[in-house]
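Protein chains: 2
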Amino acid sequence: MAKEITPRTDDYSQWYIDVVKKAQLAENSAVRGCMVIKPYGFAIWEKMRDQLDRMFKETGHVNAYFPLFIPKSFLSKEAEHVEGFAKECAVVTHHRLMNDPEGSGLIVDPTSKLEEELIVRPTSETMIWNTYRDWIKSYRDLPLLINQWANVVRWEMRTRLFLRTTEFLWQEGHTAHATRQEAVEEALKMQAVYAQFAEEYMAMPVIQGAKTPNERFAGAEDTLTIEALMQDGKALQAGTSHFLGQNFARAFDVMFLNEDNQQELVWATSWGVSTRLVGGLIMTHSDDEGLVVPPKLAPTQVVIVPIPKPSPEFGEVAEKIMRALRDKGISVMYDQDMKNRPGFKFAEYEMRGIPVRIAFGARDLENNQLEVARRDTKEKTAVPIDGIAGYVENLLDEIQKNLFNRAKDYRDSHITRVDTMDDFKQVLKEKGGFLSAHWDGTTETELKIKEMTKATIRCIPNDAEQEDGVCILTGKPSTQRVLFAMAY
Amino acid sequence: MAKEITPRTDDYSQWYIDVVKKAQLAENSAVRGCMVIKPYGFAIWEKMRDQLDRMFKETGHVNAYFPLFIPKSFLSKEAEHVEGFAKECAVVTHHRLMNDPEGSGLIVDPTSKLEEELIVRPTSETMIWNTYRDWIKSYRDLPLLINQWANVVRWEMRTRLFLRTTEFLWQEGHTAHATRQEAVEEALKMQAVYAQFAEEYMAMPVIQGAKTPNERFAGAEDTLTIEALMQDGKALQAGTSHFLGQNFARAFDVMFLNEDNQQELVWATSWGVSTRLVGGLIMTHSDDEGLVVPPKLAPTQVVIVPIPKPSPEFGEVAEKIMRALRDKGISVMYDQDMKNRPGFKFAEYEMRGIPVRIAFGARDLENNQLEVARRDTKEKTAVPIDGIAGYVENLLDEIQKNLFNRAKDYRDSHITRVDTMDDFKQVLKEKGGFLSAHWDGTTETELKIKEMTKATIRCIPNDAEQEDGVCILTGKPSTQRVLFAMAY
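Here the protein sequences come in this chain order: A and B. Our numbering runs 60 ahead of the 1-based position in the first sequence. Our numbering runs 60 ahead of the 1-based position in the second sequence.
In isolation and in its complexed conformation, chain A is listed as follows:
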């Protein structure tokens, strides 16, 4: 199996597709750009979703559900928003099919044309703010801290499994506040929640920053982002949190009576992460043998493989180990397949990225020991049976940390300070990664650099130091560096 994966150095894009396919994470469907998320891929997404959901609830948010369809007229209400989202979307125009009276099969019934077309939601600000109008009357109704887990559709021209698909799964938080300050803080808080999730659970280091006006969400006053770096030196926008100002309240006429008895427009944020994170997870850790999943998100953390094959005696040993591991909250499975050989199985479990493999045969049991292999480094160690659960528990922690540190070392060594356009181009071409450079702050310069190099400004880091310098393109004065990169 593993041999069928294209090495990363040969063709990184093909390697990614191979891993997604061979690890049975997802596949393309019969509908252009829409994927089927296979059970193993979905199990990873479920782990992510459940943890994020816990973090949202711990920060005071509740879930709700809003309609899939958005009336066309809603999209027009926020001028920038419509520019960003109306262009490529799925439009429902009819509500019935019929048998063609001329015998050509099933056709759209022309009499079922809708009075107003419905758009399959590309994001739900418009529907939700239209609803909030009835929910918010007074400052006592605020803040409103609501999240929804949903599918959304954006008619993408070029799609790639998990990273960019026509339909994807995501969560979208939509909060309403009485003051600008509170909304700004909410947007920052959720950026921090995303960063914590990415680093602690996905073991994926991220840079927190703000998007430039040109890269903002359509309708936002400020877009905060977490940006990760993939192994090919390209950046991935992994989550965004938007301060929307009063734009949607204005568009949908959402006013509240403030403590001074004055009518005021409501302040808003929205924030989202999607199944794109699964793509980021794959590209951050996986290798030429297949998927690597951090223990905290692995649907199965440990697999036990008897050598050369299962037997009743081996089964008893495995049962004992499984009980000890499960008592510590570790998920484990026992390979009971009689047909395939150990070497095949080892390759298969490496492909699926199971963090720890325990193997044993008759000789191991005589010596009261087990062979423990870790997926991240592929090291094998002989471990006494007694105390195996404690050993594995520590090892899972160690793997989680190692994956993060490894990714962080790579990321940190791929942030390069450049001070001229020549250096910029050379580093971009030869090394990739983030380029930390001075920029004059104009969209014009940003777009020129993009046109010249295809690199975009990924973010203005939250922790950027103030430093006098000159724009690499125009030589105009600048007070801080921003991060450029090629991006997914």
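These aren't lab readings, by the way, just hints derived from the structure by calculation. Check the hints yourself; a few may be wrong.
Identical copies go unnamed one by one, so any copy, or any two together, can satisfy a pair.
[What the hints assert, rightly or not] Listed below are the simulated DSSO-like cross-link pairs for lysine-lysine, each with C-alpha atoms no more than 27 Å apart in a straight line:
hint, residue 1, residue 2
1, K294, K81
2, K81, K117
3, K514, K440
4, K197, K405
5, K107, K197
6, K137, K388
7, K82, K356
8, K173, K137
9, K489, K147
10, K405, K117
11, K249, K147
Let chain A serve as the given structure and place chain B on it in line with the hints.
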């Protein structure tokens, strides 16, 4: 607040709408027939979903995700299926909007017409069996036991919050098997899982049975159902499990190599429950004071209300109680509102159906006791502070049981054996509920009775006794009674 609920005896339909609205469960959206599920309603659905998901996983199923859109041509492949679902569905015909060059605003871009229309899934058999064709090659690939949690759309003409909406949330299980026997057993197993969930968690007694051919799912060889009885004497189909035979395998050419090395068509089941269950929950237990939620599905099981209002001292007592309850896994909240009076709060929490209310004032604390009120019977008891957690734990169990028994008594007393059409009509009119009657087994008779009375055959109970009799309409011989009812 409670006064605004229409009593059940005055107008049951309006009572239902009032409860849904006043308990803040859901509301109609700007899109015809689509609802907004509000945070409290969604929290109840989440509890249901999480428990069902555990039960599906315990019975060996895994989750996956299939596309929202189904190519029009897929629907035509299974002849009965298309009759059942193509009629009223949301049809996506274009993928872009544009600004009208003549200035009338946002219009559908005529150049973005899709080559083949896409249907927003009304159910996913067609998409999933088209996918299974590539997943199933040999008996070793079987069984395939997959579930998906998703939104679906059926263009309903008359909608009612939770009970029948254009878009709804559900789960749909789709399993593939090597033998007829195994698929039949799977369909029965999932019917039993649904019944267990309905009775143990929703405290809603159900009758397990089979649908008549006329009431079967479009494309099924057999449809199993769980049928509940609402307080107005109308039945609610709460979940269905279908034995699909080889119909979808045939339509999508899904063959497998059996153990004898022969190509054979795959056997199938599908099964689903939806947000309709929330409607069933409401109508089974709630009363003229508002919602009643069984403890096992209550987002908040206990509320603590200080009398007359919060104080630092009361806060300390509440903290202690909350810790003790949470240690037992009981969810609890403390009402810290300073403005509203206790009576208002009591009515509010009754409206929301919180199973247990604990109230206390200074005098109660002097006496080392608390006032505990249960939502189901509205009884109040003085309970010593020491041991309150154990008391509440038992009380929650007691409430759960009482709700089930109460609903079961009602249901059992509303199954009436009738042997003539006159009795049938009279009981249907005066008492409602299930009518247990002999039927000659023909669709013709079934439809005639429906035309005459609006009652339908809800099911042929799994445990129906063999009994010789004659059809109430035609006088033809019959060997068992079936259950008729008016239904949602």
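Right, here's what the structure says about each hint:
1. K294 - K81: Within one copy, since 21 Å is at most 27 Å while 50 Å is not.
2. K81 - K117: between (34 Å within a copy, 24 Å between copies)
3. K514 - K440: neither (43 Å within a copy, 71 Å between copies)
4. K197 - K405: Between copies only: 20 Å across chains, 61 Å inside a chain, cut-off 27 Å.
5. K107 - K197: Result: close neither inside a copy nor across copies, 38 Å intra and 30 Å inter.
6. K137 - K388: neither (53 Å within a copy, 50 Å between copies)
7. K82 - K356: Within one copy only: 22 Å inside, 41 Å across.
8. K173 - K137: both (23 Å within a copy, 24 Å between copies)
9. K489 - K147: neither (33 Å within a copy, 56 Å between copies)
10. K405 - K117: So K405 and K117 pass the 27 Å test across copies only (24 Å; inside, 40 Å).
11. K249 - K147: Neither, since 31 Å and 47 Å both go past 27 Å.
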